[in-house]
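There are 2 protein chains.
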Amino acid sequence: MNPTASTDELPSSTAPLAGVRVVEVSSFVAAPLCGMTLAQLGAEVIRVDPIGGAADYKRWPLTEDNESIYWAGLNKGKRSFAADFRNPEAQGLIRNLVLDAGILVTNAAGREWLDYDELAAIRPDLIHVQVLGRADGTGAVDYTVNAAAGFPQVTGPENLSDPVNHVLPAWDVSCGLYAALSVVSAVYRREITGAGTRVVLPLEDVAFATVGNLGYIAEAQLGGPGRRRIGNAVYGTYGCDFTTADGIRFMIVALTPRHFRDLTELTGTTHAVTALEAALDVDFRDEGSRFEHRHVLDSLFGAWFGKRTAADVEEALAATSILHERYRTFAELARDPRVTDNPMFQKLDQPRIGEYLAPSTPMSFDGVHPTVRPAPANGDDTAAVLSEHLGLTGDEIDALAAAGAVRTKQKDPA
Amino acid sequence: MNPTASTDELPSSTAPLAGVRVVEVSSFVAAPLCGMTLAQLGAEVIRVDPIGGAADYKRWPLTEDNESIYWAGLNKGKRSFAADFRNPEAQGLIRNLVLDAGILVTNAAGREWLDYDELAAIRPDLIHVQVLGRADGTGAVDYTVNAAAGFPQVTGPENLSDPVNHVLPAWDVSCGLYAALSVVSAVYRREITGAGTRVVLPLEDVAFATVGNLGYIAEAQLGGPGRRRIGNAVYGTYGCDFTTADGIRFMIVALTPRHFRDLTELTGTTHAVTALEAALDVDFRDEGSRFEHRHVLDSLFGAWFGKRTAADVEEALAATSILHERYRTFAELARDPRVTDNPMFQKLDQPRIGEYLAPSTPMSFDGVHPTVRPAPANGDDTAAVLSEHLGLTGDEIDALAAAGAVRTKQKDPA
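Each protein sequence line maps, in turn, to chains A and B. Using the UniProt record's numbering, read the first sequence as starting at 1 and increasing by one per residue. Using the UniProt record's numbering, read the second sequence as starting at 1 and increasing by one per residue.
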């Protein structure tokens, strides 16, 4: 046994969170994304899981060997500690890891041995971040929260009456980032004042706060007319998707008067649009007017797109200020130079799964994206963590593993 | 003139970012959300705008008096500094504000007087966060980035072939949170090491990193089958929306075997589902099997929902572990007790707009949500900021205002 085997992979001391250690007891998207983001920023993140993995360890998509591509994506650069959560000795070890690290991030519910009060009684400067479904402790996930948040009723084609769920788990992603922000803010406060922090972060409140920040709740409470479906248009300004002669779709946005002027010039509709402004007594430099009269503008511009191939459209748009993008599938994106030539994406040889381009953080620090590191397998770092952080000997660790309290790294078959 | 008039509203010294000052030169969603979030965490955030406001100052939705509900929502708790961006003296004042604060967040492009190199030459520990559309400097917004990211091709009803844009600007929101996380991480690093940080954060890379983190790029590069539209189902597990006898829609998710068992018991389909498992030779405790056979399960469960009113369905679901939510419009959410009785929402008397419930941060710190503070009007704090931070006298400030270099607070008509 070599308990320090994985320390070679720990981030360098220049990373923003170098020296910060986090214990994560988590599953699914939000809390794991929080921990992974902290790991990317240089923290040592120890994901603690039941032996065999939490409920997300085999989540789709899977490889042919039943390994989760999903799990690997959200747990890059962490260490894995596996223990029997019902074993009191294992619970004590996990508590000690939390107390030693000083930071816990969890979305686990009903784990009394991780309760804030008991832990903070021992270590008052503890940072304890509890992610919940709802503030009242009841369960909720991205897809149910989204149903309550109002967006499915305004997403999708204009003539549709059914709700349309988003596929991107946007609330989970936002919740994970709010959780990471909470941790780093509390770490900074602790550095300045010495104080710990208890953070509670309900997924539902992430959604409702965002709905409020974007003005939807104020609009309703101030007696606004209510939002309707507007298809792929952009509320309050000009946006539309167009189809080319060869059947490719482009999203076009004209946010500023300059964008809009370029769009009328490109499509040869400047005279028609000027005549329309006079006839309607409006000024399309005002984005609200562009939005209100979008359907007639869509028709005017659509003819130009419908007569040209995607290649011609793309070349012509590139010479203008118009905001534009060709719709792509995930498969097309995966082979796009903006992925394959992007320094944010780094070739990762992910054990058990294979080699692919995995993303670092979207932000670079002093021109550098943090190095991408693979996700561990369940229990890969149990022995190293017990040795490094709790000072256990090899014999003690072997005894814990033999008793089933913890699971250590699986040996390769000889 | 009372240059300290607004300091009463500054956050208390126990807030995580107390003592941190940020200059924000921004517009639209991502960068303003970053600054607002930092303000909620206790930083003093000075939003610097052109006189009359940036391109987002009149963005929809508007009140009858043409005030932007949208702008108020994303700029709560900031101070407003207004100046003529083409005036070299004003540029110098803004640069000095940045150098004095030590932190700049901006999504402005082409403002050479805000370039990192020149500012860092004077203040090497500067934290400079540049939000971009794309990494190459070309323009992109949430709606165009989304088209490239792949989600519109898999969002919406199963039988649809057109792309469906999201309405929630999920990439902007995530970008704003990544930006805030970058700032706080860099502030912490500066506290520990003394070093400044240059952060570059392209909106497009936020989307592409998220697509990668969620496994879509790896799946494609590993030769996976590609994703198709699955309507309101949840990929890889069981989720479906059902309609009640009175026409109300519910989103149902059965993520765990327990959720699923409760769902079959509630709907009286346990025998039928067991028979189905035997006939298909599958085990629905495996979430992948629930997903693969979702259509027949949808039909079995749907009958139960279709025979009951929403009130009965809601009551019955509440007694189970099943994850569920009634679809709501924004207007319904705005009057829901989970908003009106939620301590995260605080009554805000927003000058120029009116009184409504505005959200604080979704996370509470030691049981408390930060106090919600109103958004300023353009130039409200110009004089106070010049006095407090640059030490200008009242006469000097009046001269700058008279020359049109800055705009100070608009006096109420006498």
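Any given hint could be a false lead.
[Unchecked claim] Partner residues aside, some chain A positions facing chain B, computed with beta carbon under 7 Å:
1. W60
2. H166
3. L181
4. R189
5. P359
Hints listed in this document are in silico derivations from the structure and should not be mistaken for laboratory results. Remember, predicted model here, so these are calculated numbers, not experimental data. No residue lacks a Cβ here, since even glycine has one placed at the ideal position from N, Cα and C.
Evaluated hints:
Contact between W60/A and chain B, as hinted, is supported at the beta carbon level, the nearest pair being about 3 Å apart and thus within 7 Å. Given hint, H166/A at the interface with chain B, holds; its Cβ is 5 Å from that chain's nearest Cβ, closer than 7 Å. About 5 Å separates the beta-carbon of L181/A from the nearest beta-carbon of chain B, less than 7 Å, and the hint is met. With its C-beta approaching chain B no nearer than about 4 Å, R189/A sits inside the 7 Å limit, and its interface hint holds.
Look at P359/A: its Cβ gets to within about 4 Å of chain B, closer than 7 Å, so that hint holds up.
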